[in-house]
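**Q** Now for the letters of each chain:
6 protein chains.
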Amino acid sequence: MRNDERKNTELRKVNITRDYIKHAEGSVLIEVGDTKVICTATIEDRVPPFMRGEGKGWVTAEYSMIPRATHTRNPRESTKGKVSGRTMEISRLIGRALRSVVDLELLGERTIWVDCDVIQADGGTRTASITGAFVAMVDACNKLIREEQLEKMPIQSFIAATSVGVIDDQTMLDLNYEEDSQAKVDMNIVMTSEGKYVEIQGTGEESPFSEEELNQLLHLGKQGIMQLIEIQKETLGEIAGLIGK
Amino acid sequence: MRNDERKNTELRKVNITRDYIKHAEGSVLIEVGDTKVICTATIEDRVPPFMRGEGKGWVTAEYSMIPRATHTRNPRESTKGKVSGRTMEISRLIGRALRSVVDLELLGERTIWVDCDVIQADGGTRTASITGAFVAMVDACNKLIREEQLEKMPIQSFIAATSVGVIDDQTMLDLNYEEDSQAKVDMNIVMTSEGKYVEIQGTGEESPFSEEELNQLLHLGKQGIMQLIEIQKETLGEIAGLIGK
Amino acid sequence: MRNDERKNTELRKVNITRDYIKHAEGSVLIEVGDTKVICTATIEDRVPPFMRGEGKGWVTAEYSMIPRATHTRNPRESTKGKVSGRTMEISRLIGRALRSVVDLELLGERTIWVDCDVIQADGGTRTASITGAFVAMVDACNKLIREEQLEKMPIQSFIAATSVGVIDDQTMLDLNYEEDSQAKVDMNIVMTSEGKYVEIQGTGEESPFSEEELNQLLHLGKQGIMQLIEIQKETLGEIAGLIGK
Amino acid sequence: MRNDERKNTELRKVNITRDYIKHAEGSVLIEVGDTKVICTATIEDRVPPFMRGEGKGWVTAEYSMIPRATHTRNPRESTKGKVSGRTMEISRLIGRALRSVVDLELLGERTIWVDCDVIQADGGTRTASITGAFVAMVDACNKLIREEQLEKMPIQSFIAATSVGVIDDQTMLDLNYEEDSQAKVDMNIVMTSEGKYVEIQGTGEESPFSEEELNQLLHLGKQGIMQLIEIQKETLGEIAGLIGK
Amino acid sequence: MRNDERKNTELRKVNITRDYIKHAEGSVLIEVGDTKVICTATIEDRVPPFMRGEGKGWVTAEYSMIPRATHTRNPRESTKGKVSGRTMEISRLIGRALRSVVDLELLGERTIWVDCDVIQADGGTRTASITGAFVAMVDACNKLIREEQLEKMPIQSFIAATSVGVIDDQTMLDLNYEEDSQAKVDMNIVMTSEGKYVEIQGTGEESPFSEEELNQLLHLGKQGIMQLIEIQKETLGEIAGLIGK
Amino acid sequence: MRNDERKNTELRKVNITRDYIKHAEGSVLIEVGDTKVICTATIEDRVPPFMRGEGKGWVTAEYSMIPRATHTRNPRESTKGKVSGRTMEISRLIGRALRSVVDLELLGERTIWVDCDVIQADGGTRTASITGAFVAMVDACNKLIREEQLEKMPIQSFIAATSVGVIDDQTMLDLNYEEDSQAKVDMNIVMTSEGKYVEIQGTGEESPFSEEELNQLLHLGKQGIMQLIEIQKETLGEIAGLIGK
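Protein chains in written order, with UniProt numbering: chain A, 1 to 245; chain B, 1 to 245; chain C, 1 to 245; chain D, 1 to 245; chain E, 1 to 245; chain F, 1 to 245.
Only chain A is shown next, with the shape it has when bound in the complex (with noise of 0.2 Å):
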């Protein structure tokens, strides 16, 4: 029995409500168990200089956390003046795997700036972070259409993470800090509704995986990942109609 009285294959409580912020174009908080994430969708009429005048548009994104989002307070990254590699690294993460089911061409020329704030921290920060956003995005998208700023909706399939890792040789779904902690490997999976793969990022610096293992992680990922998206769908209503289409 895990430390939270979950099955191996289990999920953790997932919430997530909408239109959380008034100021954004979309906004969501989402609640995986403990972990809880501001994500917000901003649309600007313009694109980075490097692809300008191409007639595409793009997406990308920001993570933080709050400092005390986690069990000792973290000093802010403004006030040491600089981003850490790890806030680098899941920040281009969350911008590639949401990027991956837009349609640029279709977006036109505008920019979706994701911001994902996490306000309270217990493992899977990153990965409830790009379901989160992925709600945010869809409502910023739908405002656009509401307005008659695009015809259609540009994108084209759900996409949700989660994360899976191996814990005195049991492999577990979606784990939380404490169970984080103490994993020899750990996976961060991105998928899309048609079951394919956007991004893994598999790490087993303490201890090296097999295939079999691998295999074990990579099933167990895409069950948990299937039922966010469901999550997904029923939090979106009539909106989750247009994805795709």
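To be clear, the hints were calculated from the coordinates, so they are not data collected in a lab.
Each pair may be met inside one copy or between any two copies, as identical chains are not told apart.
Capping the alpha-carbon separation at 25 Å, the derived lysine-lysine pairs in DSS-like fashion look like this: (1) K56 / K184; (2) K7 / K22; (3) K22 / K152; (4) K184 / K222; (5) K245 / K56; (6) K184 / K245.
Use these hints to put chains B, C, D, E and F onto chain A, whose structure you have.
**A** Positioned in the frame of chain A, the structure of chains B, C, D, E and F alone reads:
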């Protein structure tokens, strides 16, 4: 009538939710109208180098906004690699205000780190931060008492803050964002439960103000702050009784 | 009696030397007791990007101290790679204060850069900076008039600043460094020649202050500022007559 | 046929020159086709502050490129004043990979600093860095053994890395720059001589990939890595026999 | 005839005012024509970490200009967040020059911080800084002697600096700004009272120079420096006698 | 006899390998004894903003060392977030030296970016950089001629650099690291094939030097540079004939 149908002497609706972030020693979500700030108080068992060995504690604060707390997206200060003058000014103000009601010798060689993260901004974020952070700080100190690390509450008075301003020759209490943009005079007042001033910061950049206007603003501010302190007392319940004893 | 034998209501000796730096459009050395600040005003024929095309000008200020302006050496902010919160706060204050008396439309699409470099500090450096920089700014504008780039003086009023404080329950005008270190209440006031407030910044971090004390401080500050404005007028001679006309 | 006339399952020509920089405890020039990286390993007799007193060692890596390693000149990160997300991500990957095969307790309170400086880039710089840095690290540890500072080689396994990708629906091993630019799926694999995974990082930003493609990529990667490890063994000669003993 | 009516072999008028800043252990205002630099010397009772425990002292210098020291305003290096190459180069030059005449063992474990702040620039700011800072450094050391912290003056020789250059095939001493802008060859010379070279920095970027020109420049520089050292001696009066004894 | 058995007037063995990095317009590896520097020249079809529209080109240089080029590891300047004074000083020197022999009008509105990356340091890295970078710059210009973008070689003279110094009262040519550490006087000389000085930088921080020593050093330097220019000519072969025509 004001744009949100308040009277000139009326505060916005205020709500303070305690224990908002599970990891912090003290944490609240304060909502003042549509302004929402997460305030956490962290106890660290040491003081900055310049104070070591004096047997006294310290209180320091940092203020920030998530990028989409505002109407348009603000680039992150961590990404820009430096903290703006506005942010530093507000952080310093919050720190001074809270320090003014703490008996630093009673606190002992500990630092209280106060973090105020604005998740939605609609005017008055710095004053809401002070009012909310006070409650988080009380909870953090009370935790030290419950754990028998402190014998006595080191906080001497209640403290709260509000803004006042002059719009079209009328003095108004607790300006929201739209009002703040129109105000010719803008003043932030921080006051204790004894009715004493801790900070007055008034600026009439676009239109200098007379002594009479100043007196009206100070009067209005005091009324607002006394109501805010009542709300702090209700929120804190029994613990309120420990303050200043 | 105060440590420099002044009465509580007495300013330190003030001296303003015009044309102190030959390259600047306006420049003064202001001495307020042992506090010495070089203030220069530079005219730039453009405004910041966010203001272009509006036909209006801008006034901005930067404050700094040479490392040994103070009792012990302060490391340079250029070497540390960032500007402190205190420096930014003072720079912003000086800018706001000077802007408040300039008719930005009359100024046209120009920026007045004001630089206040403290070469010797003995308390009251920010208020001396405002008082001195005003004179440098007038000289710079007058140069534009003499060169027939401007028809009319865009400066509407005189403006000066001083500090007041409470030491051992006595209110005192124009604190020097030693007094400033002992003051329980410290207030900076910026006022126009019409007796209107442009800025009030009072802080009672170590000891909150009552309404009565506030009123005494405001009264004392006004007296000091009116004397400072007289000194500005004498210093400027004929040019003084152009202001507010 | 590939643009350099290789088969899809064929590595580029690999050459590892040991003792390339005379000052370093271990140093190699690794050439993988036209990709050339100088890898040095430096032994420092202490560990980072957070690890002191635990009797364990540490391995850390930094990756960089000279400005003209690439087709067009890249501005230096030192001149820009900050390290890019890409650079940090690669540095972290190299560090994790090398750490995974070092018994940190056998290493004792020492840090191995690994520096990978790309002098010519033609795709696969991060995987070449890992493969080459492994050899430099072995040489540095062997120097400690020869100097009788260590009794036993603290390195437990060989480790090497390669990239695989999908181009026009074909899976290919060891992508060069031109191939990398065309690949819809791009994966880096780090594996030990026991055939266990240390890292898998696959991304299908432009085109998500199926389980079948994933399996083909993993298979191809393993074949390549086993050949790279053979080259490491030949290069190291006798010293190879100390590893994992 | 030169633009300020000097002969080619003539220095500008030099004036050194001692005790210019009351807080510093040594401080001067040096005026060389219209170039004006405030030089302060601060004694700190410790040395940089890399020198601790060796019983030797250190001398270090920092150079800066106020923004409007020059014809047009230079943005502050503190605001830009980094120090320019030019500033660092000059700071290093001043430090090396002054160190060369100090017996660091006699100084003991102390650092002399020299700050040279240019308040008005008209060419030759780096050489004026060296000439003036020498006097400030002597005064600071003398203060240590007067306070019986040092038994003996640790300064071994006088040192001064000037610039020489080639303009229209004529060699000239002590270039002002206008001359400096026209010079094809520009050389700074630092020399002791014994006529020995401490630094020669000559550059003929726009026009390489011959051995003959070099010899003329060196000769001219020596003449100027010997006059500057006479001025230092007069300025220092009796204290001059302690140097090199 | 010197520590590497050279005569005092003898250069170390010099080797220049052209076309060392395939992407750059010009690139060499220069080896001067154990000092090894990769020099690349990049042509960019524009000039810095302050030069646009003048029809003239620009030459700029950046110098760096890989961390383990030296006896002990130097932290990367990119990681520290700022470039040291030493690095900037050397970069500026290399740029000035190379610029002095280029006819910027013949070059047209192009920038030549020169990068000098030291991969192994044993004294004299800045002078080796100049000597090597000259060859890379010639190759880059020659490429423009071959591609008919330039009609004529814009380089007017050969230029090379070496160091000279005084050790134990003996003047020596081309100091290696060990000698450089012992030298009381250290001088870098940059000279053209016409025997004219472009830069002289001599410092006698630990021991000022006499006119006689200076003359010996200059003489020795000239001899060394003339040999280096011969090596440049041999290395360049036919292309050498284009210079100064």
